[in-house]
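Enquirer: Construct all of the structure, not just a fragment, from the sequences and the given hints.
Protein chains in written order, with numbering that gives the first Met the number 0: chain A, 0 to 379; chain B, 0 to 75.
If you're looking for bench data, these hints aren't it; they were derived computationally from the structure. No residue lacks a Cβ here, since even glycine has one placed at the ideal position from N, Cα and C. Take the hints with a grain of salt, since some may be wrong.
Pair by pair, the computed Cβ-Cβ distance ranges are [stated by the list, open to error]:
1. A/PRO135 with B/ALA38: 48 to 54 Å
2. A/GLY343 with B/ALA38: 25 to 31 Å
3. A/TYR187 with B/ASP35: 27 to 33 Å
4. B/ASP35 with A/PHE51: 44 to 50 Å
5. B/LYS24 with A/ARG342: 47 to 53 Å
6. A/LYS10 with B/GLU18: 48 to 54 Å
7. B/ASN31 with A/ARG342: 23 to 29 Å
8. B/LYS24 with A/PHE51: 39 to 45 Å
9. B/ARG70 with A/GLU70: 24 to 30 Å
10. B/LYS45 with A/GLY350: 34 to 40 Å
11. A/ALA117 with B/GLY58: 34 to 40 Å
12. A/LYS153 with B/GLU18: 47 to 53 Å
13. A/SER61 with B/ARG70: 31 to 37 Å
14. B/ARG70 with A/LYS179: 33 to 39 Å
Once the Cα atoms are required to be at most 27 Å apart in a straight line, the calculated DSSO-like pairs of lysine-lysine come out as [to be verified]:
15. B/LYS24 with A/LYS281
16. A/LYS284 with B/LYS21
17. B/LYS3 with A/LYS207
18. B/LYS59 with A/LYS280
19. B/LYS17 with A/LYS281
20. B/LYS21 with A/LYS281
21. A/LYS207 with B/LYS17
22. B/LYS24 with A/LYS280
23. B/LYS3 with A/LYS284
24. A/LYS284 with B/LYS17
25. A/LYS366 with B/LYS68
26. A/LYS138 with A/LYS127
27. B/LYS74 with A/LYS280
28. B/LYS1 with A/LYS179
29. A/LYS178 with B/LYS45
30. B/LYS21 with A/LYS207
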Amino acid sequence: MNTSYEIRKFKDLKREHKKYINLDPLQCGGTLSPEAKKALQEWGDGYSVCDFCAGRLDEIRSPPIFDFVHEILPEFLGIDVARVTEGAREGKFIVMHSICKPNDYIIIDKNAHYTTYAAAERVGLNIKEVLSSDYPEFKINPDDYTKAIEEVKKETGKLPALTLLTYPDGNYGNLPDAKKVAKISHEYNIPFLLNGAYVVGRMPISAKDINCDFIVGSGHKSMASAGPIGILGMKKEYEDVVLRKSKYFKIKEVELLGCTARGVTIMTLIASFPYVVERIKKWEKEVNNARWFSEEMEKLDIKQLGEKPHNHDLLFFEAENLYKISQKDKRKGYFLYDELKKRGIVGIKPGLTKHFKLSTYGIDKTKLEKVILAFKEIIR
Amino acid sequence: MKVKVYSTPSCFFCKLLKEFLKENKIKFEEVNVQEDQEAAMEMIQKTGQTGVPVTEIDGKIIIGFDEEKLREALKL
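Expert: Right, here's the structure in full:
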């Protein structure tokens with residue numbers, strides 16, 4: 000190894016696909032607004048906001064972190080108290096760790112993200128899954144939460160400590176009846192956590208209308224922010240437990256390990272917020288685009304799985320025809336990624352042909368037409 | 000012009016929508032669908048969905064705070 004060369008190559012890191020049409024659900028909603036790009040330059044130096052800190056990140060008045068965290072964010076989420084975390088996964092862990100005890104049960108929908116499972120395992124919880132319906136919809140039936148709660152009660156003599164719903168799930172983009180899950184949970188006095196990583200920042204949502212006790216969101220996935228960053232909202236009654244202070248450092252919140260997102264992540268999140276508010280107003284158009292895209296793909300014999308008509312930009316497809324082509328092509332499963340990339344399109348994972356997910360979020364109709372045309376050419 | 004807004008007190012975009020109407024001096028009737036079940040059912044029947052805000056302008060329905068559509072319907 001030539002070490003000098005190896006070091007030099009780190010100097011000029013280009014992002015090759017920056018100008019391509021990006022269908023990656025992880026990235027579509029995280030694309031920075033022009034204001035956030037400016038903030039990236041302005042606040043990119045390490046813990047840049049800490050110059051102004053008297054001990055707690057969320058208390059910083061200039062730049063206006065306090066206003067954002069304590070005034071705007073709770074109002075935006077429709078919840079009493081909010082904090083910034085280092086991602087939705089951290090928010091889930093914080094809630095589980097503060098209100099559950101090891102060996103407690105948590106009820107989780109089968110469509111949950113892997114980090115929901117990992118967070119529960121890290122806390123030492125037992126997981127009871129609410130299964131989805133079968134192929135092709137994979138829907139979560141809220142009434143199955145009752146069944147799951149009753150089963151845990153029967154098996155252990157105790158109620159689960161928490162219920163969680165993924166809204167929507169990160170595969171099929173299904174939006175289950177969250178209000179009903181909240182109602183069922185509260186009938187048993189079980190707190191309810193809503194994972195809104197693909198909702199908060201993309202579409203209108205009010206935690207109060209749903210009546211969830213906790214909500215988590217993702218800044219880098221859905222709030223046009225540099226990552227990792229997330230948000231956590233909670234009802235006032237949980238504030239003292241979840242945001243309890245350290246015995247040793249009186250103002251530091253233990254579950255947040257003192258401070259969370261410092262520097263560029265929080266500043267891009269804040270800088271993008273006005274843009275995020277504006278784009279949420281166009282949610283109906285986003286849903287219409289996703290539905291149009293799904294219909295066009297189905298005309299090509301590429302089947303959309305999950306709910307129909309679809310209510311979210313995250314779409315999952317099954318493509319037997321592309322899979323058949325991949326069997327004959329020397330590039331095997333990588334042919335689709337390669338062919339799309341040649342046409343200026345990225346975001347579908349390399350190697351996938353038979354099943355893949357994508358998002359149409361923030362991509363205008365002309366560009367979506369270009370994607371459909373690319374699929375037409377590839378199938379031909 | 001008859002303007003009716005179906006909303007809930009905790010909805011962020013309902014608040015923005017009402018501010019927008021006030022700024023443009025548009026008089027409107029406000030219905031809280033969280034408390035008024037009859038109005039909630041009326042809204043669902045008219046729109047086929049449960050999301051708020053919903054604005055009815057002389058019988059024309061606008062779901063969400065869609066500023067472009069609102070400006071057009073209100074002739075702003």
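Enquirer: Against this structure, judge whether each hint is valid.
Expert: Here is how each hint holds up against the structure:
1. Under the hint 48 to 54 Å, the C-beta atoms of A/PRO135 and B/ALA38, about 37 Å apart, miss the expected range.
2. The hinted range of 25 to 31 Å is not satisfied by A/GLY343 and B/ALA38, whose Cβ atoms lie roughly 49 Å apart.
3. The hinted window of 27 to 33 Å between A/TYR187 and B/ASP35 holds, with their beta carbons roughly 28 Å apart.
4. Judged by the Cβ atoms, the range 44 to 50 Å given for B/ASP35 and A/PHE51 holds: they are separated by roughly 46 Å.
5. A C-beta distance of roughly 50 Å is found between B/LYS24 and A/ARG342, which places it inside the suggested range of 47 to 53 Å.
6. Distance hint check for A/LYS10 and B/GLU18: the Cβ-Cβ separation is about 49 Å, which falls inside the suggested range of 48 to 54 Å.
7. About 50 Å separates the C-beta atoms of B/ASN31 and A/ARG342, a value inconsistent with the hinted range of 23 to 29 Å.
8. For B/LYS24 paired with A/PHE51, a C-beta distance near 40 Å keeps the hint of 39 to 45 Å intact.
9. Checked against the hint of 24 to 30 Å, the C-beta distance between B/ARG70 and A/GLU70 comes to roughly 28 Å, which is consistent with it.
10. Take B/LYS45 and A/GLY350: their Cβ atoms lie about 47 Å apart, and the range 34 to 40 Å is violated.
11. A hinted range of 34 to 40 Å for the beta carbons of A/ALA117 and B/GLY58 is inconsistent with their spacing of about 51 Å.
12. Between A/LYS153 and B/GLU18 the C-beta distance comes to about 51 Å, which sits within the given range of 47 to 53 Å.
13. At about 35 Å, the CB distance of A/SER61 to B/ARG70 agrees with the hint of 31 to 37 Å.
14. Evaluation of the 33 to 39 Å hint for B/ARG70 and A/LYS179 yields a pass: the beta carbon distance comes to about 36 Å.
15. Restraint check for B/LYS24 and A/LYS281: satisfied, since their Cα atoms lie roughly 23 Å apart, inside the 27 Å limit.
16. With a C-alpha separation of about 25 Å, the suggested pairing of A/LYS284 with B/LYS21 holds against the 27 Å cut-off.
17. Between the alpha carbons of B/LYS3 and A/LYS207 the distance comes to roughly 22 Å, so the proposed pair stays at or under 27 Å and holds.
18. Between B/LYS59 and A/LYS280 the alpha-carbon distance is near 18 Å, which keeps this suggested pair within the 27 Å criterion.
19. Between B/LYS17 and A/LYS281, the direct Cα distance comes to roughly 17 Å. Compliance with the 27 Å bound is thereby established for this hinted pair.
20. Restraint check for B/LYS21 and A/LYS281: satisfied, since their Cα atoms lie roughly 21 Å apart, inside the 27 Å limit.
21. Of the supplied pair hints, the one linking A/LYS207 and B/LYS17 holds, its CA atoms being roughly 19 Å apart against a limit of 27 Å.
22. Between the alpha carbons of B/LYS24 and A/LYS280 the distance comes to roughly 21 Å, so the proposed pair stays at or under 27 Å and holds.
23. This hinted pair checks out: B/LYS3 and A/LYS284 have alpha carbons roughly 22 Å apart, not beyond 27 Å.
24. At most 27 Å may separate the alpha-carbon atoms for a hinted pair to count; A/LYS284 and B/LYS17 meet this at roughly 21 Å.
25. Taken as a hint, the A/LYS366 and B/LYS68 pair is honoured in the structure, with Cα atoms around 23 Å apart against an allowance of 27 Å.
26. A threshold of 27 Å between alpha carbons decides the hint, and for A/LYS138 with A/LYS127 the separation of about 17 Å falls inside it, so the pair holds.
27. At roughly 19 Å between alpha-carbon atoms, B/LYS74 and A/LYS280 fall within 27 Å of each other, so this suggested pair holds.
28. With a C-alpha separation of about 34 Å, the suggested pair B/LYS1 and A/LYS179 falls outside the 27 Å cut-off, and the hint is violated.
29. Taking the CA atoms of A/LYS178 and B/LYS45, the gap is about 21 Å. The hint holds against a cut of 27 Å.
30. The hinted pair formed by B/LYS21 and A/LYS207 meets the criterion: a straight-line CA distance of about 24 Å does not exceed 27 Å.
Of the numbered hints listed earlier, those contradicted by the structure are 1, 2, 7, 10, 11, 28.
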